[in-house]
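Q: What follows is each chain in one-letter form.
Number of protein chains: 2
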Amino acid sequence: MNIDLDGILNSQRLAISRALSFVENSDVLDMVLTDALFQHLGQAYRIGVTGPPGAGKSSLVDRIIAFWRGQDKRVAVISVDPTSPFTGGAILGDRVRMGRHYSDRGVFIRSMATRGSHGGLALRTQDAADIFDAAGFDIIIYETVGVGQVELDVANAADTTLVVLVPESGDDIQAMKAGLMEIADLFVINKADRQGANQALAQIRSMLEMRETEADIWSPQVVKTSALQAEGIPELMELLLSHQDFLQQQGLMRQNFKDRILSKIKSHIEENVLQQFWTPEKQALLLQTLDSGDFNSWVPGEIVDNLLKT
Amino acid sequence: MNIDLDGILNSQRLAISRALSFVENSDVLDMVLTDALFQHLGQAYRIGVTGPPGAGKSSLVDRIIAFWRGQDKRVAVISVDPTSPFTGGAILGDRVRMGRHYSDRGVFIRSMATRGSHGGLALRTQDAADIFDAAGFDIIIYETVGVGQVELDVANAADTTLVVLVPESGDDIQAMKAGLMEIADLFVINKADRQGANQALAQIRSMLEMRETEADIWSPQVVKTSALQAEGIPELMELLLSHQDFLQQQGLMRQNFKDRILSKIKSHIEENVLQQFWTPEKQALLLQTLDSGDFNSWVPGEIVDNLLKT
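Note that the protein sequences, when read in sequence, are chains Y and D. With my numbering, the residue at position 97 of the first sequence is 339, and numbering never jumps. With my numbering, the residue at position 232 of the second sequence is 474, and numbering never jumps.
Please keep in mind that the hints were generated in silico from the structure rather than gathered at the bench. Computed from a predicted model, the values in this text were never measured in an experiment. There could be a bad hint or two in this list.
[As the list claims (entries may be wrong)] For lysine to any residue, the following SDA-like pairs were computed, each having C-alpha atoms within a straight-line distance of at most 25 Å:
#	chain 1	residue 1	chain 2	residue 2
1	D	Lys506	Y	Ser539
2	D	Lys551	Y	Ser539
3	Y	Lys500	D	Lys524
4	D	Lys524	D	Glu512
[What the hints assert, rightly or not] Partial list, derived from the structure: chain D residues whose beta carbon lies under 7 Å from chain Y:
#	residue
5	Leu283
6	Ala308
7	Trp310
8	Asp346
9	Phe488
10	Leu489
11	Ile507
12	Glu512
13	Asn514
14	Val515
15	Leu516
16	Gly543
17	Val546
18	Leu550
Glycine included, every Cβ here is placed at the ideal spot set by N, Cα and C.
Work out the full structure: start from the sequences and follow the hints.
A: Following this line, the structure appears as structure tokens:
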């Protein structure tokens, strides 16, 4: 396919949409898009928003969009749908919840359906973000549903990672604290009008206090919000901006950018290596081996060795 | 390491523990364990339990354990911790919630800390399950936290997959229905004493009714429970047993077993291929390329091509 680079750089919605569809649907493992966009990247601030289903992430993202729009910043949202590898479906609910921004030309909301491998999901999300970056969007928000490994990978590729929880997440905070600590720059306790919000806040604070603080390392922060009632949003935005300042002062925006491209290069290499390995002959050989003979006489390790030797 | 096969086959806890630690910690990509156990597998019934954090999965698993123990079946639980790739930590909360079974010799509960790749997580969980299978456990339960891709993979490798939701999951049911439909054999609405349980039940029922029913395809079922109050458990177990019957009648237990070993063979091959590819020379070359010259002059696609050609 032809990538309409000029169209993307001029932020034409049709050119952007087409490039996004290319990313979503392509099985082609080349770097055409990356190479075309590479010299035009690095301006956008990338925010990852993750957390369990039902935490109110979409409503929160809606508030974050509204804040940046108030500052005349252009915002792109990539909604990553973990169920889509099975179905190609998109999360329609988000369209409803973020509906008021759909007619705003300064906002571009896209649900990513991902048909590829796991690695493919993080990779394609990045490619999509690069399109928005090159198109001059100031803010790119990745929203992922779930707290699984892939979702963490996606969120982790952002400059700032928000982990959204609800008051009921208490047990899980306890259970997952080590893992969450590693990825969260900001914790948001949303739906804070519900019972247990202060307790959840205290739980996270006490776990954050156990960390040693160092001047050149960001200390994760926690904030209570009620996205539906528009409460706590100024406090959240203040923390978000202070993390952005911190990143810029420490040169970390540039470092994140370098890390992302390195990880993209590695992933592309690995997907290519595997594609080269699985020739039609090797695939046929594997299936033949499995069909032949008595299942109970298999020695799985020998099957592996034979295919590696072929 | 030496695998104490006799010890495992005789269900000695020390031999099992050591084999589990081997699976957890080993970077060795060989099939020694699989080959040793292969002829002793296929007896256990494997149940995957997945769902968002806070859905009460551990309490539910506790009830399921108690049911099988009442029938004198031996039960193993593998708790897969999605946060552990970052920290190696285990979910301590589960130990508390399933605590009453810890002193029961007919029960073996293990939290899997996974340090490997994504593929590694599903792979290692399977290896752990194989150990329990060979050791003669009747029931193996994989419990995963989260509804991300990797968790779905893990749950999907089971014979029966339970998706646990709470009444508040309404929006998410709507959003994720296509994906959940693909993997769930049984939906459990836990914490059903909370408001909205009947509504969630109706939502799932109406989405299940849209499916065409065919005699040789399982129609997913839905049940309300309150694990803490021990309500709905007999109904849940009845559905679970009827799915097990269905699998046996259709020859699907055997098919699942074959599918699992095929996928294990493929994963081992792919991990080996990548390990062979990333020679120290290639790793050094990549880092050299990235360190040399001006970052802005990079052409990522050329870096990929050069490494593939080396």
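Q: Enumerate the violated hints, using their earlier numbering and listing them in ascending order.
A: 2, 5, 6, 7, 8, 9, 10
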